[in-house]
Amino acid sequence: MAQHLFEARLRQESGKVIIDLYGEINAFAAADLDDAFTQAEASDCHEILLNFANVEYINSTGIALIVGLVARANKKQRQLVICCLSDHYQEIFHITRLSEYVTIYPSEAAALAAA
Amino acid sequence: MFSIFRKSWKAITDKPTPPPEAPASPEPQTPRQVQAVEFVIAPNDPLLAYFLSTPGLVEIDKLVMESPALHSLREAGVKISVPLVSQGELIGLLNLGGRRSEQEYSVDDRRLLQTLATQAAPALRVAQLARQQQAEARERERLEQELRVARIIQQTLLPKELPDLPGWKVAAHWQPARAVSGDFYDFITFPDGKFGLIAGDVTDKGVPAALVMATTRSILRSAAERYSSPGRILAHTNELLCPDIPANMFVTCLCIVLDPATGYLRLANAGHNLPMHCTASGVQELHATGMPLGLMPGMTYEENESWLQPGDSLLIYSDGLVEAHNPERDMFGFPRLRQCLPCAPESGWRGDTTLIEYLLDRLSEFTGPGWEQEDDVTFVTLDRLPLPEAGVDPGASAGAKFEAWETLAEFALPSEPGNEITAMNLVAEVVRDLIQPPVRLDRLKTAVAEATMNAMEHGNRYQEELLVEIQVLLSPTRLAVHITDHGGANPIPEPESPDLEAKLAGLQSPRGWGLYLIKNMVDEMNIRVGDTEHGGTHHTVELIFNLKGDDHGPAPV
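Those sequence lines, one after another, are chains V and D.
First residue of the first sequence: 1, per my numbering; consecutive thereafter.
First residue of the second sequence: 1, per my numbering; consecutive thereafter.
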């Protein structure tokens with residue numbers, strides 16, 4: 001079973017920094033996700049968008065990583081928003097109440113259009 | 001205030017501050033004419049005292065006093081006045097002008113007038129009282145009509161229909177002590193399919209309570225659009241209510257958010273009666289502390305959680321029940337309520353009525369006939385329906401039931417990171433056609449992956465040689481996945497709801513979501529501990545999925 005099935009890529013659009021997430025968000029994603037977020041924080045953009053369009057799996061450790069990012073964004077006064085979560089992971093964001101702390105947009109276009 | 005007497009009776013009032021001079025007949029009259037003249041006697045006019053102190057006929061021309069009323073009478077051509085006095089009060093005057101023959105009034109005339117006046121005074125008084133009562137009755141009727149409308153308006157603020165939650169039965173009863181009530185309840189459907197239940201009780205009753213109820217309900221509704229956590233809903237409502245609520249009024253309020261798919265609920269309580277959780281093993285009160293709404297700003301509300309299992313009921317009730325008195329002035333009270341709940345051994349519950357009907361019967365037994373309801377009585381009940389009995393053997397004795405399980409698949413995996421995804425995919429392959437729609441299959445996959453990860457990490461501590469065994473079983477109505485570790489003594493804790501705020505504030509590890517997620521993904525979860533052949537201990541997590549489930553998938557964001 002291949003295990004390092006996670007990747008995070010950065011790009012900028014409409015004055016926002018977008019982190020495209022690929023694969024599985026679990027314990028193995030911790031270091032790469034952390035690096036990507038540090039890079040995003042180094043940019044001048046106030047808003048950081050996590051794009052989950054290509055995420056296949058998030059487990060409870062992955063949820064913990066996202067909780068960590070939300071806490072970090074709050075502390076550094078960056079706005080963290082999320083787009084393209086599947087129905088199932090939207091449900092999980094509601095169950096964990098993470099949805100009360102990050103805005104979830106159905107598409108990247110919607111997230112970029114939002115102020 | 002003055003009245004008009006027709007047919008040459010003239011009008012009088014003894015009541016306050018009329019214009020000092022009489023708006024009296026402007027023209028000299030011919031004695032033959034019958035006419036109505038209105039005029040007033042000021043309360044300080046000496047003529048009034050004279051009329052009251054001198055029963056019988058008064059010859060106006062013979063009177064000497066400084067009196068505007070006397071002047072008016074003379075101007076109107078009145079020769080004789082007969083005061084109509086009832087119970088020490090001047091209620092009218094019988095006034096006569098000169099005779100048509102221009103002669104003096106005879107002794108017979110005077111006697112007749114006197115008799116007439118004696119009979120007219122009480123009759124007039126009765127007529128005045130009757131008129132006054134009619135006016136009061138009209139005023140009462142107007143107020144009652146307003147209250148009837150207020151009650152109808154208030155009823156529109158209560159849910160118009162009961163929610164239709166598959167697998168659940170919700171019932172409600174609202175019985176104000178007066179036309180309108182300070183009690184209320186509300187149902188809220190959250191976008192993620194969760195179900196919100198709010199019950200409140202404003203101090204006092206009647207119209208003031210009803211007005212505060214309407215405001216509180218609106219604020220709660222808007223809070224529930226912003227938040228899905230019951231504690232936050234109450235805290236936000238409290239902030240908005242505090243500046244507007246009259247001093248010495250407040251609102252007790254209970255807020256419950258239930259996941260109908262799993263029976264998991266969170267509750268927060270602003271001083272309302274504790275809900276009673278009725279289970280097969282007894283009654284439990286669900287606690288959560290918090291100040292009533294509207295007392296002071298800046299309050300926080302503790303949030304607690306519970307699970308309603310199939311067959312469980314939750315009773316929410318207002319003070320009107322427990323504070324009802326019987327003719328001996330005993331109070332219904334909490335102990336009596338606990339005793340009469342269906343799960344209490346003392347209850348004598350027959351089960352052929354609803355819980356609300358049953359409680360209303362107990363209340364009416366207690367108060368006896370002719371009870372004047374002291375306070376608003378409200379009930380809301382939430383019943384999780386028992387699971388359908390699966391696989392009942394027709395040969396078995398009545399009531400005995402067992403579920404016939406067939407093993408669909410069995411496999412074992414070494415405790416190696418990433419194998420939870422293998423387990424998840426293997427189970428998904430086996431059950432793909434049994435669990436629909438896809439959102440339910442996704443829940444099953446997450447539950448299996450999390451339970452497998454728990455078994456590998458906490459049970460087997462990622463010792464590769466220790467296996468995680470997975471069994472997939474099917475009954476006519478349910479699917480079960482058993483996930484067993486071989487790690488020994490480490491117990492699997494009961495799922496608690498992780499405190500997201502504490503995690504975000506760095507006060508708690510961001511981890512610890514596994515069991516909580518599992519419990520929210522499945523219809524039922526059980527944890528069993530057993531002994532292995534080698535004297536070790538193993539734990540099995542049993543995940544149960546109803547084959548005919550309901551899709552409570554999240555609404556699109």
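Just so you know, not all the hints are guaranteed correct.
Some chain V residues close to chain D (C-beta under 10 Å, calculated; not the full set) [said to hold, decoys possible]: (1) Leu5; (2) Leu10; (3) Ile19; (4) Phe28; (5) Ala31; (6) Lys75; (7) Ser86; (8) Tyr89; (9) Leu112.
Simulated from the structure, these hints should not be mistaken for laboratory data.
Keep in mind that this is a model prediction, so the values were computed, not measured.
Don't be surprised by glycine CBs; every beta carbon is placed ideally from N, CA and C.
Hint-by-hint comparison with the structure:
1. Leu5: holds, 9 Å
2. Leu10: Violated - the Cβ of Leu10/V stays beyond 10 Å from chain D, reaching only about 23 Å at its closest.
3. Ile19: Cβ of Ile19/V sits 18 Å from chain D, so the hint is violated.
4. Phe28: holds, 8 Å
5. Ala31: violated, 14 Å
6. Lys75: It holds, given that the least Cβ distance between Lys75/V and chain D is near 8 Å, below 10 Å.
7. Ser86: holds, 8 Å
8. Tyr89: It holds, given that the least Cβ distance between Tyr89/V and chain D is near 9 Å, below 10 Å.
9. Leu112: violated, 15 Å
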